[in-house]
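Asks: In case you want the letters, here they are:
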Amino acid sequence: MGLLQNTLPPKKRIKRPFTWGDVIVILLMAVLLYGGARLSFDSPLIIEGPQISLNPSALPWYTLLSVGRMLGAYILSLLFTLTYGRTAAYNRHAESVLMPLLDVLQSVPILSFLPIVLLGLSAILPERVAAELAAVVLIFTSQAWNMTFGWYQSLTTIPKELLEASSIFRLNTWLRFKRLELPFAMIGLIWNSVMSWAGGWFFLMASEIFTVGSKDFRLPGLGAYLQEASNQGNFYCIALGLAALIFTIVALDQFVWRPLLAWSDRFKVEMVESDQPPTSWFYDAVHTSRLFLWIRSVLLKVNEQFDLWIIRRAPMRLYTEVKTSKRNWKTGIFYSLTGGLLLYGGYRAALMLVLIPSTQWAQIGIGAFATFLRVSLSLVIALLWTIPVGVAIGTNRRVAAILQPIVQVTAAVPATAIFPIILLIFINVTGGLNIAAVFLMLMGTQWYLLFNIIAGASAIPQDLKNTTSILQLSRWETWRTLILPALFPFIITGAITASGGAWNASIVAEYVNFGGQTLFATGIGSLISQATAKGDYPLLLASTLSMILAVILINRLFWRRLYKLADEKYRMG
Amino acid sequence: MAINHTYNALLKLRHVQQTYASGQRRFTAVQDVNLTIYEGEFVALLGPSGCGKSTLLRIITGLQRPSKGTVLYREQPVNGVNPHATIVFQSFALFPWLSVFENVDLALKARGIPSNVRATRTMDLIDRVGLNGFETAYPRELSGGMRQKVGFARAMAVEPELLCLDEPFSALDVLSAESLRSELMELWTGGGIPTKAILMVSHNIEEAVFMADRIVVMDKEPGRIVAEVKVGLQHPRQRKSEAFQKVMDKVYSILAGQTEPETIELGVAPGEQGRTRSLPNVTITDLAGLLEQLSELPENRFDIYRLPHELGVNSDHLLSLTEAAEILGFVYVEKGDITLTSLGETFAEASIQARKEIFAARIRRVPLMRWLMTMLNNSENRALNWDIIYDALESEFPEGDAEKQLDILIDWGRHAELISYNDDKALVYLKTPS
Numbered sequence: 001m002g003l004l005q006n007t008l009p010p011k012k013r014i015k016r017p018f019t020w021g022d023v024i025v026i027l028l029m030a031v032l033l034y035g036g037a038r039l040s041f042d043s044p045l046i047i048e049g050p051q052i053s054l055n056p057s058a059l060p061w062y063t064l065l066s067v068g069r070m071l072g073a074y075i076l077s078l079l080f081t082l083t084y085g086r087t088a089a090y091n092r093h094a095e096s097v098l099m100p101l102l103d104v105l106q107s108v109p110i111l112s113f114l115p116i117v118l119l120g121l122s123a124i125l126p127e128r129v130a131a132e133l134a135a136v137v138l139i140f141t142s143q144a145w146n147m148t149f150g151w152y153q154s155l156t157t158i159p160k161e162l163l164e165a166s167s168i169f170r171l172n173t174w175l176r177f178k179r180l181e182l183p184f185a186m187i188g189l190i191w192n193s194v195m196s197w198a199g200g201w202f203f204l205m206a207s208e209i210f211t212v213g214s215k216d217f218r219l220p221g222l223g224a225y226l227q228e229a230s231n232q233g234n235f236y237c238i239a240l241g242l243a244a245l246i247f248t249i250v251a252l253d254q255f256v257w258r259p260l261l262a263w264s265d266r267f268k269v270e271m272v273e274s275d276q277p278p279t280s281w282f283y284d285a286v287h288t289s290r291l292f293l294w295i296r297s298v299l300l301k302v303n304e305q306f307d308l309w310i311i312r313r314a315p316m317r318l319y320t321e322v323k324t325s326k327r328n329w330k331t332g333i334f335y336s337l338t339g340g341l342l343l344y345g346g347y348r349a350a351l352m353l354v355l356i357p358s359t360q361w362a363q364i365g366i367g368a369f370a371t372f373l374r375v376s377l378s379l380v381i382a383l384l385w386t387i388p389v390g391v392a393i394g395t396n397r398r399v400a401a402i403l404q405p406i407v408q409v410t411a412a413v414p415a416t417a418i419f420p421i422i423l424l425i426f427i428n429v430t431g432g433l434n435i436a437a438v439f440l441m442l443m444g445t446q447w448y449l450l451f452n453i454i455a456g457a458s459a460i461p462q463d464l465k466n467t468t469s470i471l472q473l474s475r476w477e478t479w480r481t482l483i484l485p486a487l488f489p490f491i492i493t494g495a496i497t498a499s500g501g502a503w504n505a506s507i508v509a510e511y512v513n514f515g516g517q518t519l520f521a522t523g524i525g526s527l528i529s530q531a532t533a534k535g536d537y538p539l540l541l542a543s544t545l546s547m548i549l550a551v552i553l554i555n556r557l558f559w560r561r562l563y564k565l566a567d568e569k570y571r572m573g
Numbered sequence: 001m002a003i004n005h006t007y008n009a010l011l012k013l014r015h016v017q018q019t020y021a022s023g024q025r026r027f028t029a030v031q032d033v034n035l036t037i038y039e040g041e042f043v044a045l046l047g048p049s050g051c052g053k054s055t056l057l058r059i060i061t062g063l064q065r066p067s068k069g070t071v072l073y074r075e076q077p078v079n080g081v082n083p084h085a086t087i088v089f090q091s092f093a094l095f096p097w098l099s100v101f102e103n104v105d106l107a108l109k110a111r112g113i114p115s116n117v118r119a120t121r122t123m124d125l126i127d128r129v130g131l132n133g134f135e136t137a138y139p140r141e142l143s144g145g146m147r148q149k150v151g152f153a154r155a156m157a158v159e160p161e162l163l164c165l166d167e168p169f170s171a172l173d174v175l176s177a178e179s180l181r182s183e184l185m186e187l188w189t190g191g192g193i194p195t196k197a198i199l200m201v202s203h204n205i206e207e208a209v210f211m212a213d214r215i216v217v218m219d220k221e222p223g224r225i226v227a228e229v230k231v232g233l234q235h236p237r238q239r240k241s242e243a244f245q246k247v248m249d250k251v252y253s254i255l256a257g258q259t260e261p262e263t264i265e266l267g268v269a270p271g272e273q274g275r276t277r278s279l280p281n282v283t284i285t286d287l288a289g290l291l292e293q294l295s296e297l298p299e300n301r302f303d304i305y306r307l308p309h310e311l312g313v314n315s316d317h318l319l320s321l322t323e324a325a326e327i328l329g330f331v332y333v334e335k336g337d338i339t340l341t342s343l344g345e346t347f348a349e350a351s352i353q354a355r356k357e358i359f360a361a362r363i364r365r366v367p368l369m370r371w372l373m374t375m376l377n378n379s380e381n382r383a384l385n386w387d388i389i390y391d392a393l394e395s396e397f398p399e400g401d402a403e404k405q406l407d408i409l410i411d412w413g414r415h416a417e418l419i420s421y422n423d424d425k426a427l428v429y430l431k432t433p434s
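Protein chains in written order, with the working numbering: chain R, 1 to 573; chain S, 1 to 434.
Rather than coming from a laboratory, the hints here were simulated on the basis of the structure. All of these numbers come straight from a predicted model, not from anything done at the bench. Every residue, glycine too, gets a C-beta built ideally from N, C-alpha and C. It is possible that part of the hints are untrue.
To be verified - With the C-beta cut set under 7 Å, the calculated list includes, among others, these residues of chain R facing chain S:
1. R92
2. F169
3. A455
Unchecked claim - Calculated pairs, SDA-like style, for lysine to any residue (alpha carbon to alpha carbon, straight line, at most 20 Å):
4. S:K425 to R:Y570
5. S:K230 to S:G40
6. R:K268 to S:P96
7. R:K268 to S:S91
8. R:K569 to S:V174
9. S:K425 to R:Y563
10. R:K564 to S:Y390
11. R:K160 to S:E292
12. R:K569 to S:S91
13. R:K178 to S:R118
14. R:K564 to S:P96
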């Protein structure tokens, strides 16, 4: 389960926690949010979504719709990844802008954008189209960043001699992409896609029903079905919906991801055979079948023709003289235009922020602190159970054989899908929403930790384990001197993702419409949702920006330092 | 093919220079190289690591554009990757996800050759390098020698006029390297390939004398050509023959004769006028090992080119070790022989503590270390942050080298108990003598 190592950000020398790039990116966020908020003024006052049918016969169609949304967003993410990552990897100028931008985008709480995206889009588009588009955009933003990072990292780590061989043997851009870049990045790209789909489900569920005041955005789909069912307290339909969801996720795993992973084993760069290559019964069954072989031979012929055509049309480019003066002139104009726009937008956003009374700023501060406490609590709870369980799975094959499949299926169910059910349970307890909110954060984030810890525990070298037993260290001593230090980098990597996810989840967790009533807890996520419901756009802008700032601050000042420590001191080998 | 020497110049380098800028300083990787390769010639580029021979190969094939000077191929300036040249890489550079067949086929496909023509040609080449039966195998299933055969097949598939070999045998075990050399020479001298000339980069003198018609000897800092040696022996060459040994000795004395007077040898401290000499990347344990080995030999001297074989270490590493030992005054190299100095002998026989003291006394003389110690001595608490020293060194060395140099400095300094280093705080301290 070594999948999550792929998400480690590239190792670099970090001198300052903040750069000018960050300032520009945050300014860009402010301008985008401001633009969305401006648009939101014009959104229709009352929006009624389509009726969600609880009839079981509607489920297959709803499932298909949800998967379609996911697929649309995924294709978008893939296109974005390939172009953005390639531009950043091959163009130094672009790299210096694109990579810091991606780094910030990665830590931005995506859900905080949903209200603004939705309202903004509904002002200019028919509401059904706006809701569909908002859902796809939201899922896209949850899928794209890690894929892009992975692709960029692969491109920049292609061995020099392979690049040189590609030039010497005159591979043009297409052949280079197909024969060098894509194969080299393939395994990482597939693992990242798996993770992106898991993250995507979470946001799909959140974006299919979004109610703000009298504006009710609904999209027929699995997520809407589940929410409607729990809204009506219909346990039979909840069970049906969950079954359909789990079935879909398991089917995708068995018929798409596993075969892809089994197939991609050939793209390993190591020059040794792997001892435990990924397997897939479906892949084994299909790739030797006659039909498949026939399709393959046809495709190969078409592919051959296409390759030759494109090689003749676009042979490898010789040196292109760098026209520095001309490009500088053009980029100069581009930069000053964007800069001007940014500054103007920033100015307008600032004007809007000035309108906010100090009491509301205090509210935002208190809310951010309350959410911070919830996030921390959920992280602590997650750590308490994932460390022992993760170590058990990672070091003991028998335990792994039993628990691994259970964990995989459970982890695949998006927390947002079960949230209504959790609400049903906790709603009548005092502080019910508080508990439920922490629960949702926990549900969404613990898996990152667990998978990282499993990966870390299974990477502890056997000779070190033997040494501790030869030295007859006590159980506690073994944990203190070997297991915890060895796990540290993995825990940090997992916790960074988990913490970001928990902040994100606060927006759906702290403010809910349930069974006809509106519940909210004190928190910044709740403030964002309340501002949306009331149509208080300055507050919406202020609270969203504050959350983004809070997350980035915590990342830079806390997590990054720990990550650096983990990277320098506790990395194995 | 030395017999069919036609004296048609295939490739000409005129005043080729490669410099890299890092901060305010410029580094010369290759300085004013003039070289002509004629049709029918097998030329070897020989020199220590870091002498720019690989850079030169990349300039010749057009992978890299020189900072100054011109590259002419058949009197035409080379602009971009030369379509008439290919490279056989030291690390094979095969695509691990492609089978033997697909690896060779790809080179032909990229030139737009239709698949039916490609198939026969690819099979023929695989056959010729003796890999038939392995067409569907993946590189990871093959031994190093077989992988390099694929490398040769792929390079020859495009029928290059100029075949460039970038230390093609140095990653192979002794036996495979030997058999591959002979097979290549058979193809080349037998005229079985349409190749007009071969250029081989090597740091193995014996290999160069065994294969090449002409040996171009290079030296480092800055990388430049220092001599050319015509081999003029008939193929197949006998290594034991007197004539062969004579050429070997000649090349050795050229390579070893490049030793300069001590003042230049040590270089200058950073910031001063002149060249800052970089320290060879070796550990003191390895250095002590070399000196011990030498002290056990009669007369404490040895033929330097037989040393790698004798000690079973790779020759690049040995060159670095020799360089370090020379800088510290433990050995001197003359006419292809390495001799232990009396200081080196004392060191080899000393106790651990005495060794540390001798070592400390010697590295204090190295300008780079002296510079670091002075800088530390003048700072508060006699300690400095790693980053600060790194920044100071960054302007002295090419990109990436400064970090390596600082690591070596810290390693050596720690060994001599002159400085210490705290990794948590990234602080370098001057050790106060107790």
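Asks: Indicate, hint by hint, whether the structure satisfies it.
Replies: Cross-check of the supplied hints:
1. Taking 7 Å as the C-beta cut-off, the interface hint given for R92 (chain R) is violated, the closest approach to chain S being about 14 Å.
2. Because the beta carbon of F169 (chain R) sits about 4 Å from the nearest beta carbon in chain S, less than 7 Å, this interface hint is met.
3. For A455 (chain R), the shortest C-beta to C-beta distance to chain S is roughly 24 Å, which exceeds 7 Å, and the interface hint is violated.
4. With a C-alpha separation of about 15 Å, the suggested pair K425 (chain S) and Y570 (chain R) falls inside the 20 Å cut-off, and the hint holds.
5. Taken as a hint, the K230 (chain S) and G40 (chain S) pair is honoured in the structure, with Cα atoms around 14 Å apart against an allowance of 20 Å.
6. For the suggested pair K268 (chain R) and P96 (chain S), the alpha carbons sit about 7 Å apart, so the restraint of at most 20 Å is met.
7. The suggested pairing of K268 (chain R) with S91 (chain S) holds, with an alpha-carbon distance near 17 Å, which does not exceed 20 Å.
8. For the hint pairing K569 (chain R) with V174 (chain S), the CA-to-CA distance comes to about 39 Å; that exceeds 20 Å, so the pair is violated.
9. For the given pair, K425 (chain S) sits about 15 Å from Y563 (chain R) by alpha-carbon distance, which is consistent with the 20 Å threshold.
10. At most 20 Å may separate the alpha-carbon atoms for a hinted pair to count; K564 (chain R) and Y390 (chain S) meet this at roughly 18 Å.
11. Restraint check for K160 (chain R) and E292 (chain S): the C-alpha separation of about 38 Å exceeds 20 Å, so the hint is violated.
12. About 32 Å separates the Cα atoms of K569 (chain R) and S91 (chain S), which puts this hinted pair outside 20 Å; it is violated.
13. Of the pairs offered as hints, the one joining K178 (chain R) and R118 (chain S) holds, with about 19 Å between alpha carbons and a cut-off of 20 Å not exceeded.
14. Proximity of K564 (chain R) to P96 (chain S) is assessed by CA-CA distance (about 33 Å); at most 20 Å being required, the pair is judged violated.
Of the numbered hints listed earlier, those contradicted by the structure are 1, 3, 8, 11, 12 and 14.
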